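Q: Using the sequences and the accompanying hints, generate a full structural model.
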Amino acid sequence: MATSISPDAEPKGIYLDNNATTMVSPEVVETMLPYFTEQFGNPSSLHRFGDKVGRALKQARQQVQALLGAELDSEIVFTSCGTESDSTAILSALKAQPDRREIITTVVEHPAVLTLCEHLEKDGYKVHYLKVDGKGRIDIQEYMDALSSNVAIVSVMWANNETGTLFPVEEMAELARSAGVMFHTDAVQAVGKVPIDLKNTAIDMLSLSGHKLHAPKGIGVLYLRRGTRFRPLLRGGHQERGRRAGTENSASIVALGKACELAMANMDEEKTRVRALRDRLERGILAAVPNCFVTGDPTNRLPNTCNIAFEYIEGEAILLLLNKLGIAASSGSACTSGSLEPSHVMRAMDIPFTAAHGTTRFSLSRYNTEDEIDRVIEAVPPIVAQLRKLSPYWDGDGPVAEPEKAFQPAYA
Amino acid sequence: MWDYSETVKEHFFNPRNAGAVAEANAIGEVGSLSCGDALRLTLKVDPDTETILDAGFQTFGCGSAIASSSALTEIIKGMTLDAALNVSNQDIADFLEGLPAEKMHCSVMGREALQAAVANYRGEVWKDDHEEGALICKCFAVDAVLIEDTIRANGLSTVEEVTNYTKAGGGCSACHEGVEEILTRVLAEQGKSFDPTAAPPPPAGKAKLTNLQRIRRIENAIEAIRPNLQRDHGDVELVDIDGKNIYVNMTGACSGCQMASTTLDGIQQRIVEDLGEFVRVMPAQAMGRPA
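Residue numbers (this note's numbering), protein chains in the order written: chain A, 1 to 412; chain B, 1 to 291.
In case anyone wonders, no lab produced these hints; they're calculated from the structure.
A quick note: this is a predicted structure, and the numbers were derived from the prediction, not measured.
Heads up, some of the hints might be wrong.
Keeping only pairs whose Cα atoms sit at most 20 Å apart, straight-line, the calculated DMTMM-like set for lysine to aspartate or glutamate is [unchecked claim]:
#1 A:K389 to B:E10
#2 B:K9 to B:E50
#3 A:K122 to B:E10
#4 A:K122 to B:D195
#5 A:K389 to B:E74
#6 B:K208 to B:E148
#7 A:K324 to B:E10
#8 A:K122 to B:E181
#9 B:K138 to B:E161
#10 A:K324 to A:D371
#11 A:K122 to B:E180
#12 A:K324 to B:D3
#13 B:K9 to B:E97
Computed Cβ-Cβ distance ranges for the label pairs, DEER-style [stated by the list, open to error]:
#14 B:E273 to A:H47: 29 to 35 Å
#15 A:H47 to B:G288: 55 to 61 Å
#16 A:H344 to B:K9: 27 to 33 Å
#17 B:V125 to A:D145: 25 to 31 Å
#18 A:H47 to B:Q213: 49 to 55 Å
#19 B:K244 to A:Y411: 56 to 62 Å
#20 B:E124 to A:G124: 49 to 55 Å
#21 B:N14 to A:P168: 45 to 51 Å
#22 A:K12 to B:E177: 38 to 44 Å
These stretches of chain A come out as covered by chain B in the derived footprint (C-beta under 8 Å, 3 or more residues) [said to hold, decoys possible]:
#23 226–233
#24 304–318
Each residue gets a CB set at the ideal place from its N, CA and C atoms; glycine is no exception.
A: Given below as structure tokens:
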């Protein structure tokens with residue numbers, strides 16, 4: 001039973017894994033390059049080598065400020081990545097309010113928040129993990145019940161990285177403010193894809209990561225609303241007004257500024273063209289493949305993300321066959337992660353494991369074309385069919401009758 | 001992604017013996033809890049010779065699960081059931097030119113499907129005898145259940161002991177936090193608490209010994225050599241240790257022996273090996289002289 005798919009992929013490939021990381025825009029690369037060579041100076045230095053760099057950082061800070069709709073550029077703190085921003089926000093809130101020993105978050109957060117919270121539990125903190133329903137939505141009543149003067153911080157993601165589902169963070173931030181609780185959002189997936197206007201929200205802190213919006217890896221931002229009580233994670237220098245010590249990663253900061261400017265300019269394209277491509281891909285696959293469905297909340301999600309569960313087959317196998325054709329996507333399957341843990345997001349939404357293992361995420365960017373999408377629509381159905389032929393849950397053209405009963409392996 | 005061998009990829013892209021065998025008279029259905037993969041193995045066995053005439057697999061799983069299933073069927077076709085039962089998961093992994101540590105359970109699943117199919121043929125009920133937990137040590141593929149069981153069975157209380165018994169933590173040491181957490185949990189159940197300072201750090205490598213440990217180790221090395229010297233009616237005693245210089249007295253037949261300097265070299269080599277650092281062993285008469 002040899003595969004019928006020939007490896008005639010083009011060398012460039014089709015990249016539909018933009019929620020994992022993105023290509024650095026050529027304009028961004030061009031903007032940052034001088035900061036490795038003639039503009040190598042330390043922005044803290046008085047002399048002319050540092051002076052221009054200092055001014056470039058100021059401009060970058062304003063470009064980030066504009067994309068986030070922050071009131072002041074001093075509210076932008078450059079960090080090394082989204083994870084550092086998340087850790088800084090949560091640990092700062094705990095340190096600044098030692099009497100408050102509780103945290104509110106959700107079961108579907110990114111490990112950057114979830115793993116930190118689990119670790120903090122070992123130190124005696126109480127963490128409220130808000131549950132989600134089958135579409136990945138939280139129960140706002142459960143959230144309100146958890147808010148109290150014991151809570152140091154609420155940390156809730158703006159958009160889910162696996163399904164793209166959006167949480168009502170602006171509303172949740174208002175509720176937190178009314179209860180006198182700090183509010184942080186991990187907006188790593190949302191920034192650049194959905195409009196954000198922080199000055200008109202009650203959000204106190206926000207994390208973003210450069211490499212998710214066509215800037216390089218190794219640069220992030222913590223938005224810190226003016227007046228929010230703060231304790232730095234890294235001390236040891238006056239950089240970022242003493243809120244994040246360490247010599248500035250000037251080339252990457254300049255790059256992130258440029259990337260934010262481009263994201264701002266392309267925001268409408270995300271909402272229109274990228275969304276249309278995503279919808280085309282989703283419709284094409286759903287029409288051609290039996291026994292598959294979209295996970296998360298299709299009516300309220302990022303415009304670039306589509307997560308489809310292919311029942312009775314496994315995600316890593318799908319990815320390997322896609323990769324052979326030069327198509328890059330990702331999966332919630334246990335076997336694709338180093339930890340062998342199935343996706344906590346799919347488990348939280350109660351997706352049956354015969355479907356959760358076959359979840360495949362396609363995440364687009366403004367660099368994708370209609371031709372690419374059409375080629376993916378063509379490639380997916382034969383791959384799914386080929387793997388189903390090997391599956392003990394599948395027989396001919398459909399699943400076996402009562403699949404969970406027909407095949408009951410002894411698990412060990 | 002995973003670093004699969006060419007053979008794994010080949011068996012995944014072109015699986016052998018996929019699908020159920022017609023007229024199968026031995027069926028094994030097993031799954032792996034650690035990742036949710038599952039496999040149905042169907043065999044056609046010659047009732048007279050117990051030879052496996054044909055084998056087929058149906059797998060719900062990742063690339064290496066499919067490749068392991070394919071490899072298994074290739075290995076066992078033509079074997080007798082008894083011979084097939086001797087196929088280990090390592091044989092499956094070797095056939096595939098290796099599997100990543102995290103994926104070894106795929107080969108275990110293959111072996112278990114085979115055992116289940118043979119039991120099914122013989123009218124027996126196959127019972128799985130091992131439980132698999134979360135992978136803790138990636139260097140040596142040791143899971144949490146094995147570590148926990150070993151701690152209980154042997155009353156272990158330090159990370160070093162866990163490494164000695166299971167190899168877990170003996171490689172890159174990145175999993176020591178995980179091992180400590182298991183120790184903390186198991187010891188707490190026994191009403192004890194985990195004490196990270198209970199054991200000295202492992203002597204291997206560049207770990208620095210305390211003065212006392214270093215002196216003891218030198219004494220032990222010399223004690224170990226003495227019986228050899230005593231057989232020749234000689235002996236040696238430690239006089240002093242001054243940084244890298246170790247002073248000894250050669251007594252008995254060794255005293256004045258023409259081979260004394262060779263013997264000193266032997267003692268020095270032994271101490272160097274035991275300490276993991278370079279030292280000079282010299283006769284006590286040399287004390288106080290500039291080195």
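Q: Enumerate the violated hints, using their earlier numbering and listing them in ascending order.
A: 2, 3, 6, 14, 17, 23
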